[in-house]
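Asks: What follows is the residue order along each chain.
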Amino acid sequence: MAELWNSIPPTIQVWLLGFGKGTLILLWGLVNFFVALMLERKISAWMQNRVGPWRAGLHGWIQPLADLLKLFVKEYIEPRNVDKWLFVVAPFIAYLSANLIWLIVPFAPGAVATNMDIGIIFIAAITGYDVIAIFMSGWGSNNKYSLLGAMRGAAQMISYEVTLVMSIIGVVMMAGSLRLSDIVLAQQERGLFGWFLFPQIIGFVVYLIASLAELNRAPFDLAEAESELVSGYHTEYSGFRWAVFALTEYIHLAGWSAIAATLFLGGWSGPTLGQIASGLGNIINGFGYFTNGVGTAVGDWGLMMMGSTVWNWIFGFMWFCLKTYLFVFLAMWIRWTLPRVRIDQLMDLGWKFLLPVSLGNIFLTSVLRYIALANDGLPLTIGTYTIRLLGWWL
Amino acid sequence: MDFLNEKFPDAQFSNLVNGDMEVLVPKERYEEVIRACYDAGFKYCSVLSAIDWKDRLTLVASLSRINPEEVGTKSIHVKVDLPRQGARIWSISNLYPGANWHERETYDMYGIRFDGHPNHRRILLPDNWQGGHPLLKDFVDKRPKRPRLVRHRYAE
Amino acid sequence: MGPQHPSTHGVLRLMVKLDGETVTWCEPDIGYLHRCFEKLSEFKTYPQVIPFTDRTDYLAALLNEQAFVEATEKLFGDAIVVPERALYIRVLVAELQRIASHLMALGSNALDLGAVTPFLYCWRDREKMYSLFERITGGRLLYNYFRIGGLRNDLPEGIIGTPNDGEDKADKTIWGFINYFDSYVWPQWDALVTGNRIFQWRTQGVGVLTPENAVAYSTSGAVIRGSGIKWDLRKNLPYSIYDRFEFDIPVGKNGDCFDRWWVRQEEMRQSSRIVKQALAWLSENPGEVMGKVPRVLKPPKGEVYHRIEGARGEVSCYVISDGSPNPYKVKWRSPAFTHLQVVPHLTPGHKIADVIAILGSIDIVLGEVDR
Chain G
1 MAELWNSIPP TIQVWLLGFG KGTLILLWGL VNFFVALMLE RKISAWMQNR
51 VGPWRAGLHG WIQPLADLLK LFVKEYIEPR NVDKWLFVVA PFIAYLSANL
101 IWLIVPFAPG AVATNMDIGI IFIAAITGYD VIAIFMSGWG SNNKYSLLGA
151 MRGAAQMISY EVTLVMSIIG VVMMAGSLRL SDIVLAQQER GLFGWFLFPQ
201 IIGFVVYLIA SLAELNRAPF DLAEAESELV SGYHTEYSGF RWAVFALTEY
251 IHLAGWSAIA ATLFLGGWSG PTLGQIASGL GNIINGFGYF TNGVGTAVGD
301 WGLMMMGSTV WNWIFGFMWF CLKTYLFVFL AMWIRWTLPR VRIDQLMDLG
351 WKFLLPVSLG NIFLTSVLRY IALANDGLPL TIGTYTIRLL GWWL
Chain X
1 MDFLNEKFPD AQFSNLVNGD MEVLVPKERY EEVIRACYDA GFKYCSVLSA
51 IDWKDRLTLV ASLSRINPEE VGTKSIHVKV DLPRQGARIW SISNLYPGAN
101 WHERETYDMY GIRFDGHPNH RRILLPDNWQ GGHPLLKDFV DKRPKRPRLV
151 RHRYAE
Chain B
1 MGPQHPSTHG VLRLMVKLDG ETVTWCEPDI GYLHRCFEKL SEFKTYPQVI
51 PFTDRTDYLA ALLNEQAFVE ATEKLFGDAI VVPERALYIR VLVAELQRIA
101 SHLMALGSNA LDLGAVTPFL YCWRDREKMY SLFERITGGR LLYNYFRIGG
151 LRNDLPEGII GTPNDGEDKA DKTIWGFINY FDSYVWPQWD ALVTGNRIFQ
201 WRTQGVGVLT PENAVAYSTS GAVIRGSGIK WDLRKNLPYS IYDRFEFDIP
251 VGKNGDCFDR WWVRQEEMRQ SSRIVKQALA WLSENPGEVM GKVPRVLKPP
301 KGEVYHRIEG ARGEVSCYVI SDGSPNPYKV KWRSPAFTHL QVVPHLTPGH
351 KIADVIAILG SIDIVLGEVD R
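Protein chains in written order, with the numbering used here: chain G, 1 to 394; chain X, 1 to 156; chain B, 1 to 371.
Think of the hints as simulated: they come from the structure by calculation, not from any bench. Predicted model only: the values in this text are computed from it and were never measured. One or more of the hints may lead you astray.
[Claimed, not checked] Facing chain X, according to a computed beta carbon distance under 8 Å, are these residues of chain B, among others:
{"id": "1", "residue": "I30"}
{"id": "2", "residue": "D78"}
{"id": "3", "residue": "S240"}
{"id": "4", "residue": "I241"}
{"id": "5", "residue": "Y242"}
{"id": "6", "residue": "K301"}
{"id": "7", "residue": "Y305"}
{"id": "8", "residue": "G323"}
{"id": "9", "residue": "N326"}
{"id": "10", "residue": "R333"}
[What the hints assert, rightly or not] Calculated cross-link-like contacts (lysine-lysine; reagent style DSS-like; alpha-carbon spacing at most 25 Å):
{"id": "11", "chain 1": "B", "residue 1": "K39", "chain 2": "B", "residue 2": "K351"}
{"id": "12", "chain 1": "B", "residue 1": "K230", "chain 2": "X", "residue 2": "K54"}
{"id": "13", "chain 1": "B", "residue 1": "K276", "chain 2": "X", "residue 2": "K145"}
{"id": "14", "chain 1": "G", "residue 1": "K144", "chain 2": "B", "residue 2": "K169"}
{"id": "15", "chain 1": "X", "residue 1": "K54", "chain 2": "B", "residue 2": "K351"}
{"id": "16", "chain 1": "X", "residue 1": "K74", "chain 2": "X", "residue 2": "K7"}
[What the hints assert, rightly or not] Rough simulated footprint, nothing fancy, chain X against chain B, three-plus residues with beta-carbon under 8 Å:
{"id": "17", "segment": "86-96"}
{"id": "18", "segment": "231-239"}
{"id": "19", "segment": "256-265"}
{"id": "20", "segment": "270-276"}
{"id": "21", "segment": "315-321"}
Cβ coordinates follow ideal geometry from the N, Cα and C atoms, glycine included.
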């Protein structure tokens, strides 16, 4: 295998790798779509005192597969006078933007599709695509409801992009790098309470709100407000094109949750198999000397496993998925609880409240870090100790 | 409600079964009576409708007072006799905006025209419906009847 | 916003002129659900009209029946005596219907604003009520239960229950339902929706109806009480036996959508008070539920105008009898028809999203609007 690989000229190697990673990302997007859609329907049902899909096999858990198959074979209804090019291309641009986010997300130690050193800036750039796609679909549908939805959606997404990026800058300052895998490594070094969630709690809350607004999810789903605009910018789509919009929504949701997990919750960092085993060994040892043999055996096996890259990957990936889906669950919980915000209230919230708060967060972080660094040589009184602790923490 | 007795002694008063007062006024004094009621505090128009006695129509405007302290409030029903064809009368919807749609409905169902109504068109039936005014007693449905496709065994 | 729209509570067409997102003119177009109730009732006998009245406001059917039946009973005067037990049962079921109707109003109002879950909670509780009503009257949504002179049948065995019934009996006994409602449902609505900041943002200051306009536009019910006027026909024009019950009238302050919402929520609580008092009386006083009425009902000649406090406002019924078994005329004044006139007055200057909020807070039912 290795000789086969080395015999291919380097440019073709790069292309092959690229195709491979791209395919994996697209497949991963589909998997995310299934899981997220399944979760959405079941969780919303449980919260509303009902059971959700029940008959599609295994008590409804393969409903998304049934949905996708049905949408594949459904007829395309294209209203007259739609702008052909805009109407047809819009869903695919949206799909593209959703999948692009997954390129830079670190799934496991060393497993990133493209380990860009300007990862955060890349994210900021991608958010622009979705705006274009929404506006194209709204305009191209030749329908006043869609146009209203698209205008609202575009205005909302542009406003919250700024806030979103501002809320991330605090994290970047603490990690010292724009590369996402460096951010994860920085969190792994600092341990559980050093995960950027705790110091950057303000940034986290702002990120949560702003990402919900970017995703057009309730309470900010004005672009597709069901009770006012029927379906907003994707009213006129049917069949597979609508399926692409649905795919986009859930892949986007999972993508932003993955970014949240990476930036604030430590990405793939978490106890690996080896660490769990050795910890377990110690606990068993502590129970009394007749279990000593078992405890030491488990602990030694754990120590041996700690170096295994494969198991580290598997466990890292597992922690990553858990954290991502924690955010997905949070987003769904919020969606099914809160009513919708009006467009002018949304704009007020974004520009007049969240943006100053996130700027304040950046200011606070930088000031505290500077004070801590500046006080490095002073004797250790409680005051300077606190400041240095805060500074380290922040 | 005795104010009406004083101001318009030549009108015909009677009582409805539940104790409300009704006063039958001629068409020329309708506006005066309504304004007198309005000035006396009866600012709430409950309903405005018409009755089709076979030889004439009677317009009924039910006015009442909203007084949170009052227990056992009574309404005044101002009645006007109108001819069955071509009836026209002053519209109270400028004084009582709540009677706007009730007057439209009375026009729609009985054919009484209201002078001064801001939006005088049919309300429940389509705007350009030609079939007449349904609640009149001699109304005949002129739409073509659809033939019955299956003969029901109890049909005559 | 055409007849088929998820938020217009039925087939209503709203023609709206917009300037960007702001409404400059709005006019409702109704008549899509006109079923010729008034004309039909002239060809039916008095008892045959009662099921038609159910179908005007189908979300709170028994309140409509009460209007018609009590109007006809007034025409008979002293010739028909309705037994007391029937009067108490009428009040009981009417107040339960009021709770059901307000739940639906609140649920669909919340749904219009984007909160999907409260709508489903409304259905959860209405389903329990449907089970109760099925046992009492035989119907779930439309009942045909009241008769001129009393009721069709007495309450079945065991439906009243004991004051200690808990939540598990909420769909089996009325006491169970009321206890469940007071302890669980009402606080849930209060916490989930009324206390929600986003909800308050959406509804406070939207669609403000001043008290003078409220009277001028002939509003009644929750709409006029939301504007600060303490007017309730159960207290101001006591009909049936409402003067024997103790309850308060909630009143709003500003006349905006939030006040109307809050008034409905509080009214549900007051209705449950009335239900408890009625249940206490009913458990102790058995009796008949149907008075002596002639076989063929021919009220003496006369006219009656009977107003009751329906779920949405003042439901009134102008019945004219000419001595024959068919009514000469039945005029049905429904609150939703009258309230819909307020919408063109309230909406200009607001955004589209507010139009939906205002429409939801006025609480219309197209069956009533069009009859």
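Asks: For each hint, tell me whether it holds in the structure or not.
Replies: Consistency of the hints with the structure:
{"no.": "1", "hint": "I30", "in the structure": "holds (7 Å)"}
{"no.": "2", "hint": "D78", "in the structure": "violated (11 Å)"}
{"no.": "3", "hint": "S240", "in the structure": "violated (13 Å)"}
{"no.": "4", "hint": "I241", "in the structure": "violated (14 Å)"}
{"no.": "5", "hint": "Y242", "in the structure": "violated (11 Å)"}
{"no.": "6", "hint": "K301", "in the structure": "violated (10 Å)"}
{"no.": "7", "hint": "Y305", "in the structure": "holds (6 Å)"}
{"no.": "8", "hint": "G323", "in the structure": "violated (14 Å)"}
{"no.": "9", "hint": "N326", "in the structure": "violated (12 Å)"}
{"no.": "10", "hint": "R333", "in the structure": "holds (4 Å)"}
{"no.": "11", "hint": "B:K39 to B:K351", "in the structure": "violated (39 Å)"}
{"no.": "12", "hint": "B:K230 to X:K54", "in the structure": "violated (42 Å)"}
{"no.": "13", "hint": "B:K276 to X:K145", "in the structure": "violated (53 Å)"}
{"no.": "14", "hint": "G:K144 to B:K169", "in the structure": "violated (50 Å)"}
{"no.": "15", "hint": "X:K54 to B:K351", "in the structure": "violated (50 Å)"}
{"no.": "16", "hint": "X:K74 to X:K7", "in the structure": "holds (19 Å)"}
{"no.": "17", "hint": "86-96", "in the structure": "violated (count 0)"}
{"no.": "18", "hint": "231-239", "in the structure": "holds (count 5)"}
{"no.": "19", "hint": "256-265", "in the structure": "violated (count 0)"}
{"no.": "20", "hint": "270-276", "in the structure": "violated (count 0)"}
{"no.": "21", "hint": "315-321", "in the structure": "holds (count 3)"}
Violated hints for the displayed structure, listed by number in ascending order: 2, 3, 4, 5, 6, 8, 9, 11, 12, 13, 14, 15, 17, 19, 20.
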